[in-house]
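Chains as they are written, first to last, in the working numbering: chain A, 8 to 121; chain B, 50 to 164.
Quick caveat, the hints were computed from the structure, so don't treat them as lab data.
Be a bit skeptical, because a hint or two may be false.
[Claimed, not checked] Take a look, some chain A residues computed to stay more than 12 Å from chain B by CB distance:
id, residue
1, PRO68
2, ARG74
3, PRO76
4, PHE80
5, SER87
6, GLY89
[Unchecked claim] In silico lysine to aspartate or glutamate, EDC-like type, Cα no more than 16 Å apart, as pairs:
id, chain 1, residue 1, chain 2, residue 2
7, A, LYS51, A, GLU64
8, A, LYS45, A, GLU109
9, B, LYS151, A, GLU64
10, B, LYS151, A, ASP92
11, B, LYS163, A, ASP92
12, A, LYS45, B, GLU64
13, B, LYS98, A, ASP66
[Claimed, not checked] Derived coverage of chain A by chain B (criterion: at least 3 residues anywhere in the stretch with Cβ under 8 Å from a Cβ of chain B; other residues may be distant):
id, stretch
14, 23-34
15, 44-50
Just so we're clear, the structure is a prediction, and the values are computed from it rather than from any experiment.
Backbone N, C-alpha and C define an ideal beta-carbon position, used for all residues, glycine too.
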Amino acid sequence: DAMVIQNPRYQVTQFGKPVTLSCSQTLNHNVMYWYQQKSSQAPKLLFHYYDKDFNNEADTPDNFQSRRPNTSFCFLDIRSPGLGDAAMYLCATSRTGGTYNEQFFGPGTRLTVL
Amino acid sequence: AQSVTQLDSQVPVFEEAPVELRCNYSSSVSVYLFWYVQYPNQGLQLLLKYLSGSTLVKGINGFEAEFNKSQTSFHLRKPSVHISDTAEYFCAVSDPNTGGFKTIFGAGTRLFVKA
Chain A
8 DAMVIQNPRY
18 QVTQFGKPVT
28 LSCSQTLNHN
38 VMYWYQQKSS
48 QAPKLLFHYY
58 DKDFNNEADT
68 PDNFQSRRPN
78 TSFCFLDIRS
88 PGLGDAAMYL
98 CATSRTGGTY
108 NEQFFGPGTR
118 LTVL
Chain B
50 AQSVTQLDSQ
60 VPVFEEAPVE
70 LRCNYSSSVS
80 VYLFWYVQYP
90 NQGLQLLLKY
100 LSGSTLVKGI
110 NGFEAEFNKS
120 QTSFHLRKPS
130 VHISDTAEYF
140 CAVSDPNTGG
150 FKTIFGAGTR
160 LFVKA
């Protein structure tokens, strides 16, 4: 089945230690998104890639970076995680930015910062 | 800026009872509206969407929603819930004039179905 895969499902890191979260997709979608979802809150868009074009949300901290080496993979890098970065990180894809944007979500990676 | 308000943070209901999860949005322009469901430790799954046309939208798992432009609402309903419907439900809005990249989510409503 075509899907969005996130690895690992659970990630523990130490305060200030860089961490990378991975997302891959078999849907061949050209748009990929990263969301941060804190406990009992709505998902918050961090950034998205439209093909190779990177689009950062204005309020996304500089501590968060992303890479998309090819259509299938996208990475979220947190350069110096703080306690406030503990959250579920959701990757999503869509076929095109277009006017209609149905997003397909991965299962998420839950990040714990010690 | 667009915003989405889900009026209830938690909704407890007995199995086989009807349920309505309320959602209001603020926008002066045409929007696309969505309901997503999130089961524990999983990603979001699209339940249904409103793009245009009929204001009554039917989705998966027996859910439906009605778009009311005058009241800027998009409430989700199910006539008879099951234990397996226990989950978090998110209402979301997207502005078709912004390229469709940005989806604004509400804070979520936790539906708890009791036996």
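Hint compliance check: list the failing hint numbers for this structure, sorted ascending.
8, 10, 11, 12, 13 and 14
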